[in-house]
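We have chain A already, so just place chains B, C and D with the ligands on it with the hints.
Read off the chains here:
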Amino acid sequence: MAELAPEQKLELYRFMRLNRTLEEKLVNLYRQGKVVGGLYRSLGQEATSVGTAYALSKGDIVGPLIRNMGSVLVMGFTARDILAQHMARASSPSAGKDCNLHFGTPDTGMVSAIAMLGALVPVMAGIALGARMQKKSLVAMTYIGDGGTSTGAFHEGANFAAVQKLPLVIVAENNGWAYSTPFRRQTAARSLADRAVAYGMPGETVDGNDVLAVFDAARRAVERARTGGGPTLIEAKTYRMKGHAEHDGQSYVPGEELSEWAARDPLERYARVLLAEGTDPSRLHDIDAEIAARVESDARAVEQSPFPAPESAVRGVYAEGVAEVEPAIVRRRW
Amino acid sequence: MAELAPEQKLELYRFMRLNRTLEEKLVNLYRQGKVVGGLYRSLGQEATSVGTAYALSKGDIVGPLIRNMGSVLVMGFTARDILAQHMARASSPSAGKDCNLHFGTPDTGMVSAIAMLGALVPVMAGIALGARMQKKSLVAMTYIGDGGTSTGAFHEGANFAAVQKLPLVIVAENNGWAYSTPFRRQTAARSLADRAVAYGMPGETVDGNDVLAVFDAARRAVERARTGGGPTLIEAKTYRMKGHAEHDGQSYVPGEELSEWAARDPLERYARVLLAEGTDPSRLHDIDAEIAARVESDARAVEQSPFPAPESAVRGVYAEGVAEVEPAIVRRRW
Amino acid sequence: MTPEHEARETTYVDAIREAIFEEMERDERVFVLGEDIGVYGGAFKVTDGLLAKFGEHRVMDTPLSEAAIVGAAVGSAMMGMRPIAEMQFADFISCAFDMITNYAAKSRYRTGVGVPLVVRGPSGGGVHGGPFHSQNPEAYFAHTPGLKIVQPSTAYDAKGLLKAAIRDDDPVIFFEHKFLYRRVKETLPPGDWVVPIGKAAVRREGRDLSILTYGAMVWTALDAAKTLEAEGIDAEVVDLRTLFPLDEEAILASVGKTNKAIVLHEATRTGGIGAEVAAVIAERCFESLDAPLVRVTAPDTPVPFSPPLEEFFLPNADKVCRAARALAGY
Amino acid sequence: MTPEHEARETTYVDAIREAIFEEMERDERVFVLGEDIGVYGGAFKVTDGLLAKFGEHRVMDTPLSEAAIVGAAVGSAMMGMRPIAEMQFADFISCAFDMITNYAAKSRYRTGVGVPLVVRGPSGGGVHGGPFHSQNPEAYFAHTPGLKIVQPSTAYDAKGLLKAAIRDDDPVIFFEHKFLYRRVKETLPPGDWVVPIGKAAVRREGRDLSILTYGAMVWTALDAAKTLEAEGIDAEVVDLRTLFPLDEEAILASVGKTNKAIVLHEATRTGGIGAEVAAVIAERCFESLDAPLVRVTAPDTPVPFSPPLEEFFLPNADKVCRAARALAGY
Ligand SMILES: Cc1ncc(C[n+]2csc(CCOP(=O)(O)OP(=O)(O)O)c2C)c(N)n1
Ligand SMILES: Cc1ncc(C[n+]2csc(CCOP(=O)(O)OP(=O)(O)O)c2C)c(N)n1
Ligand SMILES: [Mg+2]
Ligand SMILES: [Mg+2]
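Residue numbers (our numbering), protein chains in the order written: chain A, 1 to 334; chain B, 1 to 334; chain C, 1 to 330; chain D, 1 to 330.
Extracted from the complex, chain A is given alone in its bound form (with noise of 0.2 Å):
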């Protein structure tokens, strides 16, 4: 098992808290009309993201999907980040250019996903290669559901990636829908684990609503990646608490999984966990207390940041240069 230090347990509530408050109020800001575009939530899959993320170490890259706001969180940016992308915001790392978690840089540890659901193992297998190749020992870390494990480029990637023995994580996150079609309909495999063996990968399945859990087997891997040992696939059991987005009712989910799994809230559990350990309930809800405030002001401030100019909107296609906007007739002013 996982030998965390206290400050470090108490960084994993940190981290799960903040998603989970940051998200409610973003829901909040949704309700208001000030987050544009969908808002999706990661309500009960908090221990999946943070703690596979918090296995990694500095220099480390991850690639979220939007419901890993934990990842990210983990990987060092900010709730502003996070929230001036959902509004839309110059200041956001995208520049206004992408919405929610689609964004980052390989430099500050997390490369940025793109809609199409698999594309990004691919790509984050080359992340593993290209740092291979430069003989940096860094491990690759992404994230995919269940749904995207039926996508082609999962497919291709992860096969790519066991055959070169890369550095890297894949994160299936069997969170028992995608959208609004069960797993049942999504795979006859038995699990995700299984989708391993097709790869020649190690898989494992892990409890993705224990936060511990989930830590120690993403530590494993990424151990097992950082050794040589090439890349191993992690299925992490959840459930997605609220619909696809927020607009989505998910009325088509069985009121019966839904409070079987509220029971096993992984946040509400993991409190549990540290209070029997020992740890002062006042730690946790000074943590709380901080982290609505800081979220709460976080949001006053990104709501007061200017839009990105609009003129932004033709710059950066390309390293030189910046599109053309004005038909020739008009630009040329014949």
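What the hints contain is simulated information worked out from the structure, not anything from laboratory work.
Be aware that a few hints might be false.
[Stated by the list, open to error] Facing chain B, from chain D, some residues (calculated, C-beta under 7 Å):
#: 1; residue: T10
#: 2; residue: A67
#: 3; residue: F132
#: 4; residue: P299
#: 5; residue: A317
None of the values given here were measured: they were computed from a predicted structure.
No residue lacks a Cβ here, since even glycine has one placed at the ideal position from N, Cα and C.
The following block gives chains B, C and D with the ligands in isolation, referenced to the frame of chain A:
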């Protein structure tokens, strides 16, 4: 084990011999410059094509790749069809539009591959799906190489078929090589049968050079498919005895492997089985002689047959109409 | 028609659903497949209610696999079915590019086996969807013989063109502009009718210049035409409707009359449908053209997310008017 | 230069190999990956000998996975490497379409992370390769801002443009016309030089009309120009070289001089690069144009296999001459 009548056993031999003799004739024609484009051999793999397709019944549909000449013959296409395809004649099933084994229509029991490997797997899943929707009890069978199993299309198609429990048999022909790429650089999986685990699909490895074993495995898979048991992945272990195509001297193939597998030649081996079972050697010689004569005369006939009319190049793109050929200014005589 | 019937207007999205519904009723070979189209009724509710009516064999929720969705549709079409495959967003059609351009498009030519398939999905921006939920991928498919490409601008056309697409014996890519789903509506006539593929429609007659466009931009063009009218510029608006093959005769007729042409589309400029329209005009309208051709399009960038960026990016009536004034004064 | 050196001519394929070789020597970030490019040296032997020289870490045989090849190249490029990804035939680039158009092309815009990647492979027909080994997919990528597209017609350009592509900070799709691999050659100057991306070249000066073309068709155009010369028609041949972004100034300069334009390409007509060239001319050469624009291209069909069909399908000097005569007489 499969129970085959003596005549059926001879028929298996006949198809394998026809496969081989026809290819040898094509090599001849190729060297004389009479084959248009490349020539892809299936030497040493005849048992896999013939044994699998022989397990199908009338009305079933096969989707072969370029090395499955044996399957095409079993489905009832003739040496003349195949010769005409290779010599790009008007009488070829594709009327000169496409090459080698790229032809077929569902009502003649065969669906054409495209060169993009993997693509046929989802398409054949669709064949099975369309048939089921029409309450036809037919089985679809398709092939994929060790290389082809690395494609995203293979993955998506196999997974889809498994979820839908479609009557599809996927024959994964592991001949050790994908062009110059050996199996171990294609995948870290132990076998292609292991790919099946990812789809929750039965997977099985069979000696691809033993036509009776191949037939038996295929028969069981076909039976499973026909009775609603869903798809099966059969790995046929065999060996590509020639280069990727005739132009490839396969210098990258270890000589020992070639001689090892030469000793397991499926045709000679099967002939030995038949003789050991008491088949009169003259029956096999007669078949050989008859096929040799037939292929010769077919080749002569095809050589004398015309190429397609040039203008037919612009016909048949859409159900209606002909593609325009001349630029407007010439066409319209401005 | 009863007044009651007249009063009930049908939205663009409902028109699409009606087309599918009626075709599924009419022809049992027609079925739909895609991600979340059954139980959920589709991300935009296009297929809402179909599962209840037709059952899960004809309304099939699939794995997250665009290549398999289109591939399975192709196979079943070869077997004589009439599949309608949904891309949850048209942007994801990129994942089925090979299957569409190499398998579906070329099958009839190579083997004589037609593939009567419709691939449909929501395209277009204006809803702050960002770079991957706002694309206009139509031009990607206009260079592949064997395909047809359609994009309706009205509820009437949405219904009529989709019916025509379903009945077509060849693969049709059907782009629905998501901005229009609930924003345009009209009273549809009863009965069974189609809008033929390959025919453009003049949405507004005019003498001074032609605006050749399609999809949501038809409404932009009509807006612009109204403004221009007040300035004494009489613009004709042609809705191309079918983007491949183009209705060349309709283009010639309009440009032959007005002698000036703006090509307007929401997709980015270079290599867009507008390029082909321009080429047709350059080849066939030389004698009648009195001014340079003008393309009004999005600039050559991905679709940006933030509202001020997207607004800057998208063509609008004002940009069309600017181009029209330059052209009218030429 | 010694006479010996002068005597040694370099073929198009050798020029490509030399470019890769020299760039790999110059910059250790450069590496190649693809199917059968290492041990085998590539289906067309483009990468022959590289494995022996640079080892398997920099010359990587991959699984049969175009999306993974490009995806892994993208990731490594984001890490600062300079990957060159081979598509065994350019036709198979369809399998990496999503990765190229959605990941590689949009990365810099969305996140500021450039993707200095080259995707290269043999395109084009004339070798009886049939519908899937003869395609000219360049136009599929000309509608995706963020990409650059290059196609050389000479050994000199093959080497110089590929070097420029490798050094470019953005993704470049590099199409090599397989018909030219061993059919064109020339003596290449020594030393390190590049041919800049974005610049066309006038291959033959002429006064009567411009033939705007690229790839193997440059040679067809030159052939035609010779025939036309004997008939008193003086054709200018412009080799576009970079297809996206186009060298608009070079197009304007040529058409501004000759006042008549033929756009010639081997790819099928509708939605091809020629459409964009036509649009540029229609937009920017109105004043100088004395005749309709003419596209000479393959017809809108897949590439047929059988020799008489392919011959009928492909543009050739005779077809160019017919168009040129019609245009000259206009
Ligand atoms: C290639 C592709 N097809 C379709 C979609 C649309 N889509 C977005 S999320 C989603 C469901 C994803 O499910 P899963 O992978 O399980 O991730 P989860 O949402 O459960 O985190 C779908 C279908 C997409 N993003 N990418
Ligand atoms: C998608 C795709 N990429 C590349 C190729 C080029 N190619 C043709 S055959 C081949 C090797 C195929 O190996 P395998 O699948 O093992 O089949 P085998 O040749 O051994 O029968 C390759 C790389 C292709 N046909 N399709
Ligand atoms: Mg999920
Ligand atoms: Mg093989």
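Query raised in the report: Honestly, which of those hints from before does the structure not fit?
Result: Hints 1, 5 not satisfied by this model.
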